[in-house]
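Student: Sequence:
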Amino acid sequence: MSNLEDWFEEDPNRKWYVGAGVFFILIVLVLVLWPGPDDAVEKYLTAISDMEYREAASFHMNDDGSWMGNLDYWDSYFSEGCGYYFSACNVSNLEITNMEKTNQCVSYASDITIVSVSYTLTDRGGSSNYISEDYPTAKHDDGGWGIHLGGNFPDTFSC
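For the sequence shown, this note's numbering begins at 6 and goes up steadily by one.
A few of these clues could be false.
To be verified - In silico EDC-like cross-links for lysine to aspartate or glutamate, where the CA-CA straight-line distance does not exceed 16 Å:
| no. | residue 1 | residue 2 |
| --- | --- | --- |
| 1 | K144 | D68 |
| 2 | K144 | E57 |
| 3 | K48 | D139 |
As the list claims (entries may be wrong) - Derived Cβ-Cβ restraints for the label pairs, each shown as a range:
| no. | residue 1 | residue 2 | range |
| --- | --- | --- | --- |
| 4 | S7 | S71 | 33 to 41 Å |
| 5 | I119 | V33 | 23 to 31 Å |
| 6 | D44 | S71 | 15 to 23 Å |
Hints listed in this document are in silico derivations from the structure and should not be mistaken for laboratory results.
All residues carry an ideal CB built from backbone N, CA and C; glycine is no exception.
Model the full assembly from the supplied sequences, consistent with the hints where possible.
Tutor: Put into structure tokens, the structure is as follows:
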């Protein structure tokens with residue numbers, strides 16, 4: 006027999022202890038790595054900073070919690086003039102300061118959470134501004150987290 010088999014044979018309960026420990030570690034890993042509303046806001050602001058406007062737009066939700074869908078509007082909105090202006094901004098020192106669950110839902114999303122963030126926004130000239138703002142987020146029916154940019158979702162109801 007191998008040393009491991011001998012070790013388990015000394016105390017038959019060791020198999021249960023090891024199994025429970027591995028199960029606990031897996032649960033903790035899933036909970037830590039599971040995407041949440043704070044991850045959506047971080048990815049959104051990072052995408053804006055990296056000029057990945059289509060990726061940023063993929064987080065946008067309509068008033069009812071549905072995805073905005075057609076992302077072509079970003080191509081025209083950020084064409085030369087606007088794209089030039091916004092591409093000059095860099096987001097840094099991003100910090101999630103608070104997450105507040107509202108216990109509200111909308112037609113196509115649940116778990117509405119207000120994510121408060123602070124970050125430094127630096128423009129092309131090197132001028133920096135400290136920004137502190139709230140992002141209303143929701144978990145879409147497909148499991149992905151999105152952001153409603155027009156303030157909180159207008160037609161909410163209790164979940």
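Student: Let me make sure I understand: some of the numbered hints might not hold for this structure. Which ones are they, in numerical order?
Tutor: Of the numbered hints, 2 and 4 do not hold.
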